[in-house]
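Participant: Starting from the two chains in their separate frames, assemble the complex, guided by the hints.
Residue-level listing of the chains:
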Amino acid sequence: MTFKPVPAPVAAEVSLGDAFITTRVDAFINWGRRNSLWPFPFGTACCAIEFMGVVSSVFDLSRFGSELVRFSPRQADLLIVAGTVTYKQAPVLKRIYEQMPEPKWVISAGACATSGGFYDCYCTVPGIDEIIPVDIYIAGCPPRPEAFIEALVQLQAKIDGEAGKEQKVVGV
Amino acid sequence: MKVLTPKGEQLELLTVNMGPSHPATHGTLRVFCALDGETIVASMCEMGYLHRGFEKMVEQGTYTMVLPYTDRLNYCSAMMNNIGFCKAVEKMFAVTVPERCVVLRVILCELSRIIDHLVCVGANLVDLGALTNFWYFFNPREAVYKIWEKLCGARLTNTVTRIGGFYRDTYPGFEDDVRAVLVQIEGAIKDVRGLIEHNKIFLDRTRDVCVVSKEDAISWGWTGPCLRASGVDHDIRKQEPYYGYDTYAWDTVIGTKGDTYDRIMIRIFEMLESISITRQALDRLKPGPINTNDARLTLPDRNRVYHDMEALINSFKLIYEGVRPPPGECYDATEAANGELGFFIVSDGGTNPYRIKARPPCLTQFAAFGPMTEGTMIADAFGTLGSINIIAGELDR
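One line per chain: the protein sequences are F and C, in this order.
Take the first sequence: its letter number 86 is residue 86 in the working numbering, and every next letter is one higher.
Take the second sequence: its letter number 165 is residue 165 in the working numbering, and every next letter is one higher.
Excised from the complex, chain C in its bound form (with noise of 0.2 Å):
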């Protein structure tokens, strides 16, 4: 393709396509770009491959069949998403969980943001050319599926969280387990740590590699660790706490640079702040309910369904009708892995969702991917694109 620059050369470039089929996008994100050799001049980016039609299947059922959509989302940590789902309608009914609920919601949602950020920092490593470390983080990641499994039968999409509380309360030794495997993550980021932070090859590559400004990240409507990488001191858990992440002792991780090498860092450091912050929650889980008590969003216990009409027709009309949030719109947000996870849900009373529109971290990020990767070279750009942690599922929905 031969084009003129502003100055009135004649330039030879080379356009080239990567993806939808490339190990490096992680499956479905389409980049078309045009090149100098190889340093990438403009590039261009496509979704969609992944469109699942996420916001019209949810209008089809109720809410509580919104859930397992909501797994799919972010499957990297799904349970984020059940929580950020379930937080958003239980505000429309302006219902509080109970204490155990929140702080069991506070361990699973620090436990799946290490989980996410074990496997965007590992893939990201491996389109770098570091295999190892992915071995590294992945042991861990399997050791916290161990503890899902046991916590609800599934591995990865896990719907464990009903609106109004959990599906069901932990088993026996689930302080202990959890404990058991921060200490091993703990082990997995030594290892990785020593491996990277001195490399010269690893430095070479993330250092100084598609800048972001602290301007142009605001601007993009980044959210989340990349946020952070660029300087901006915005986490939703410190601005607008909820679950009382405000009592927890933990600092937000900032960046100074804004390159590759910090999104990478950020995320690192992250898991430290997330298994502090799981730390102290197990500390202050003590029995209790797990359900809230309004008989709007809790099945009535089992034995009073047996003895009292009015709580079998309470079970029968939770079944086979479902929730029914009062009519109205409601903005809900939480900070999953990758940034702000936002839920708009408009009802109109009744037992389906009218409208339900999810807001992904992923999409403002890979929106600015084109312009940022323009004038890097191909390679960077790969190494770029993972430590952006594009999930098609929450991008293309």
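In isolation and in its complexed conformation, chain F is listed as follows (with noise of 0.2 Å):
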């Protein structure tokens, strides 16, 4: 078996027709995570139900690239925490989080998962920023479909913005 030598490329892009595009490689991985979010439900309580409303035919969460719904938090790289989280439930949250690998994004889902929503109360956190870090904030109680569609694809865009070379990393 012979191989034909393969011409050493011209010094400007321009000779290397249509089969190839150039870009910058933050720009090319950044795309790559915008476009395949894997996220991991933590759903807890109401808000978790909306969000199986998202993810089935009718709002289809999958049109966004965000479809692969992982329950393990070592193959998910976005974190939705939907639903109430008391104390009990806080240092759970705070494992799943430290388990997942970088890099990852936190959506906080509802009233309840942003500031304790109106369970002004002794058991319940005030809000999960308490305790992780979070990217994006859905208002409602719980959100609607179209909110939570709306917070992946400003997510997206603040993936965008991000240096995809570095590593996104939080608290270190």
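The set of hints was computed from the structure by calculation and includes no laboratory data.
Incorrect hints may have been included.
In silico DSS-like cross-links for lysine-lysine, where the CA-CA straight-line distance does not exceed 25 Å [said to hold, decoys possible]:
(1) C:Lys357 / F:Lys88
(2) F:Lys88 / C:Lys56
(3) C:Lys56 / C:Lys357
(4) C:Lys214 / C:Lys257
(5) F:Lys158 / F:Lys94
(6) C:Lys146 / C:Lys190
Facilitator: What follows is the structure, given as structure tokens:
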């Protein structure tokens, strides 16, 4: 078997023709990260039922490349906290966040996860940002599915602006 | 972990945590089990991961302000909780709501029961590995949500009732929308039954799994579909009829064995009965007042408020102070989607409830989960957990 020698590329990109696209490494990595977010739904309460609606046929989150719901934190890069987090649940949430590999993002869905909601009580955490960093907050009790989708689109825009080569390190 | 059997043999067991964050535990349950191979030898349940202080929070507001909290007990069928709570407070006042309100509450209750069962059965089948059914069931559920949105603006947590009636009357075309959605639900049930009824995998994984006998179910204090699956003919709608349930033509669905198969199938057939009740109720829905005319509960007409001093005071007192049930205690229960949903209310005559105790149907069922799964395979335990339909909101409150 013989191989044809590949001609050495000419210095200018123009000569490459239509077969190549040139881009920055950052932009390329971000493009990949943005369009294949694998969510871990940390659903505890009512918002989780609404999240089930978001992934089902009518709203169909897969249109935004984020339908591959993973229930193992080690396979996910987007943590969606949907529902009330109590003080009993808080260590679990923190541990799950820590188990997720970098890069990772967090969406806080609904009033309870964002601020404790109307449970101003001895047992509820007043917002998950007390324990883990949050990228996007969604308002609503529970948020409408459109709001979930808007949050995802906003997160994608945010990822686009990140320095993709660098590890997104938080709290180190 | 090494243990000794009663016969003196040494057994090597593996201890495993299921939950609290596990897809099949639906969020917030923890089951700690000891496994011999894949068989569960001993299992222990832990709850409380979603304890949001319902009973403490509701003491801080008026009776009307309790309603949004009741939404979030069983969030799969929020309206049934609203109606159950309002019915209990109305019992304290000894008022009867108008005929249109009663019939409308029956319609909303039965539609809520249907969408609750849709989620329960759909999610349960996902736990068993059958994802298609979930999509089939969620489409009609979204159609019901569209009706809820038109009715009150919210999809999930509706707060649609008020003590003594409703937030507002239905919109034009409500009856047609409900009739259309009933046809859609019937279609979905037909599709799902076609997929599972003769499916060997489904039958093998649910038949004779986690059988709960009649006696055990009663002794655990079970209510609702799970109790009926064990063969006990008990439905509050039949035994202690309210809202004229005894005047509708419908049957209680009863299982024969009490296995996971019965618990799933009961819900599917109950949906068909609920569809029948809803259709009968729609025929009875006649125009009329939606709220009771008791001045202690219902806001006066706005025209009167602007021209009549008494009505102005009445409106002012109801909005700023809220309703004041007479001092005393009251327990009232309705048949919610999961079973008996009861509210025990203590009033000291003031505007805030002195104490409200919710009796959730899930609690007794989850208490039995540990013992009933002992001796089964770990994979079957998940299927069983779905079939007893634990909703953490009302379990932990």
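Participant: Going straight from one Cα to the other, do Lys357 of chain C and Lys88 of chain F come out at no more than 25 Å?
Facilitator: holds, 22 Å
Participant: Given the proposed pairing of Lys88 of chain F with Lys56 of chain C, does the C-alpha separation stay at or below 25 Å?
Facilitator: Distance of about 17 Å is within 25 Å: holds.
Participant: Would you check the hint for Lys214 of chain C and Lys257 of chain C, treating anything up to 25 Å between C-alpha atoms as holding?
Facilitator: Holds: Lys214 of chain C and Lys257 of chain C sit about 8 Å apart, inside 25 Å.
Participant: Run the distance test for Lys146 of chain C versus Lys190 of chain C: straight-line Cα separation, threshold 25 Å.
Facilitator: holds, 22 Å
Participant: Measure nothing beyond the straight line between the CA atoms of Lys158 of chain F and Lys94 of chain F; if it is 25 Å or shorter, mark the hint as holding.
Facilitator: holds, 23 Å
Participant: Is the Cα-Cα distance between Lys56 of chain C and Lys357 of chain C 25 Å or less?
Facilitator: Judged against 25 Å, a Cα distance of about 10 Å means the pair holds.
Violated hints are absent here; each numbered hint is respected by the structure.
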